[in-house]
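S.K.: Here is what each chain is made of, one letter per residue.
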Amino acid sequence: MRILSVSQVNQYAARLLAADPVLSSLTVEGEISGGKVYSSGHYYFTLKDSKAQISCVFFRGAMAGMSLKPEDGQHVIITGNANIYEAGGRFQMIVKTMEQAGEGLIYAKFVELRDRLQKQGLFAEERKKTLPFLPGRIGVITSPEGAVIRDIVHILRRRHPGFKLRIYPVAVQGPNSIPDIVTALEMANKQADCDVLIICRGGGSLEDLMSFNSEEVAMAVVASEIPVISAVGHETDYTICDFVADLRAPTPSAAAELVLPQKADLYKQLNAYQGKMLTYLTHSLSLARTRLNNLRNRQVMKQPASLIYDKVQKLDLLNIRLRNHFIVQQVNVMNHFDKLRQRYDLAFTNYFQICGAEVTSLQNRLIAGFVQEYKESTTTLDKLSIKLEAFNPQAVIKRGYARISLADKAVTVSSIRQLELDMSVKIHLADGEAGAKVTELLPATAEIPE
Amino acid sequence: MSAKDEKMDELSYEDAVKRLEEIVNLLEKGEASLEESLDLFKEGMALSKICELKLAAMEEEISKLQVNAAGKPEEEAVEFLHE
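Chains P and L are the protein sequences, given in the same order.
Going by this note's numbering, 98 is the number at position 98 of the first sequence; the sequence numbering is gapless.
Remember, this note's numbering sits 1000 above the position in the second sequence when you count from 1.
It is possible that part of the hints are untrue.
[Unchecked claim] Facing chain L, from chain P, some residues (calculated, C-beta under 10 Å):
#1 L165
#2 L278
#3 L281
#4 T282
#5 L285
#6 A288
#7 R289
#8 L295
#9 Q299
#10 V300
#11 M301
#12 L307
#13 I308
#14 K311
[Claimed, not checked] Using 25 Å as the maximum straight-line C-alpha spacing, the simulated DMTMM-like pairs for lysine to aspartate or glutamate come out as follows:
#15 K314(P) with D1039(L)
#16 K311(P) with D1039(L)
#17 K263(P) with E1079(L)
#18 K302(P) with D1009(L)
#19 K311(P) with E1035(L)
#20 K302(P) with E1021(L)
#21 K276(P) with E1014(L)
#22 K1029(L) with D316(P)
#23 K164(P) with D151(P)
#24 K314(P) with E1028(L)
#25 K96(P) with E86(P)
#26 K314(P) with E1035(L)
#27 K164(P) with D195(P)
#28 K263(P) with D246(P)
#29 K1042(L) with E1028(L)
#30 K1049(L) with E1059(L)
[Said to hold, decoys possible] Simulated restraints, written as ranges between beta carbons of each label pair:
#31 Q313(P) with E1010(L): 37 to 43 Å
#32 A1057(L) with G162(P): 34 to 40 Å
#33 E1060(L) with Q303(P): 28 to 34 Å
#34 E1060(L) with E225(P): 44 to 50 Å
#35 K1007(L) with T290(P): 23 to 29 Å
Everything labelled a hint here was simulated from the structure, so no lab data went into it.
Ideal Cβ positions, reconstructed from N, Cα and C, are used throughout, including at glycine.
Whole structure, please, built from the sequences with the hints as guidance.
M.R.: As structure tokens, this is what we get:
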């Protein structure tokens, strides 16, 4: 048998532990006790359960990244590896990470549920209902006491006076929390007079928020017909309820600000719209008015007479053209006439000359003939006049006869039938006239030939 | 009013002003006979009066609308539902 030194034994044991697959990578759950941070910054404590304990060492380097502040009595889960502290021959664990046990356990469950629901597509965006722009009534599922509901009401009062809100009081942690929330959700959906629901609570540990990571609450939220806003815990806390809700608000106050628009903004917008409508309306009206006025000012409407002027002018123009036409015609005719006349003259003069010659020759002959004729006729005339002279009543009168005529001197009386008793007659003598009245009518015995 | 006038009243503003424009253009072209021009002119005057009336009515309407645009105050309703 070989005799070993103590350090050899410890070394051997240490090598055994390091080689062991389990002991070299452990995850252990237990309660901290006797924790002490040495000046070196390393943290020595023992981890115990109801029957046993292990001493552990959490070197400063590994501890640096951890948010959790380890305290005695805390239930934690640590990861690390087991080894032998050779000098002391003590079996111990070198801790790599530490997290709260409850938290760890819960967290694990949280992750498991989250992944499962995610796979079922319950977190999908398309599934999320759109929130009403102006919810008539807001249902708030939260604890009736505490700052949360007070803040919400305060914020709503500031942003949107005249809001309607109904509180569904529930336990936000502890055993009753899950059933309370599920019932509240069901009741809200049954009443169906809330347009949006807010599930919310203040900050808390993973354990405090546990009910909001429960499957029951998640499924109740999924089943809700009414859109759900989830505002659970601090900004950094994400719960299953947040994932399945239709909207996640980082905090309850944020939820209050998201759920209702600022009333003042609405009024401002309304006024802006009113203003715009008014401007557009008045603008189009003024356009219409200008258009109408333009039409009315158009010449034909303002001075209808201009239509007549137009016609009158046309008429005048026509007259002028008519007259010109006429003048032109006249001129034409005249020209035509002149031309004709010229031609005529020309022709005439030619003809005239020809005729002239003929005429003169005829004239001569005529004259000659005439002269001849004249001569003859004068001689016959002489003869006749001599004869005539004989018959000339004047000559007869000269020889002592008289011409009797009616009173008007024109008609010479040649028969007593022309006379009547008392008729006045005129007696024409060579050297004058005398007036007489018929005193007696004695027809002659022999008829005087008419 | 003759049937034509009644029909004219039912005209929308746009139709009335469009017809008025038509008439003015026709008269300006001067192709219409004298009698036609006179009739057109009379129709134009009637239309222009109707348009004027419609515009005035609209303007009055708008000012009325402006007056009662003020909002009303609201009360709050916070109710507690106890299971």
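S.K.: All hints are to be evaluated individually against the structure, with a verdict given for each.
M.R.: We went through each hint and held it up to the structure:
no., hint, verdict
1, L165, "holds, 5 Å"
2, L278, "holds, 7 Å"
3, L281, "holds, 6 Å"
4, T282, "holds, 7 Å"
5, L285, "holds, 6 Å"
6, A288, "holds, 6 Å"
7, R289, "holds, 6 Å"
8, L295, "holds, 5 Å"
9, Q299, "holds, 7 Å"
10, V300, "holds, 4 Å"
11, M301, "holds, 6 Å"
12, L307, "holds, 5 Å"
13, I308, "holds, 8 Å"
14, K311, "holds, 6 Å"
15, K314(P) with D1039(L), "holds, 20 Å"
16, K311(P) with D1039(L), "holds, 16 Å"
17, K263(P) with E1079(L), "holds, 21 Å"
18, K302(P) with D1009(L), "holds, 23 Å"
19, K311(P) with E1035(L), "holds, 12 Å"
20, K302(P) with E1021(L), "holds, 14 Å"
21, K276(P) with E1014(L), "holds, 23 Å"
22, K1029(L) with D316(P), "holds, 19 Å"
23, K164(P) with D151(P), "holds, 15 Å"
24, K314(P) with E1028(L), "holds, 15 Å"
25, K96(P) with E86(P), "holds, 20 Å"
26, K314(P) with E1035(L), "holds, 16 Å"
27, K164(P) with D195(P), "holds, 10 Å"
28, K263(P) with D246(P), "holds, 23 Å"
29, K1042(L) with E1028(L), "holds, 15 Å"
30, K1049(L) with E1059(L), "holds, 15 Å"
31, Q313(P) with E1010(L): 37 to 43 Å, "holds, 39 Å"
32, A1057(L) with G162(P): 34 to 40 Å, "holds, 37 Å"
33, E1060(L) with Q303(P): 28 to 34 Å, "holds, 31 Å"
34, E1060(L) with E225(P): 44 to 50 Å, "holds, 49 Å"
35, K1007(L) with T290(P): 23 to 29 Å, "holds, 27 Å"
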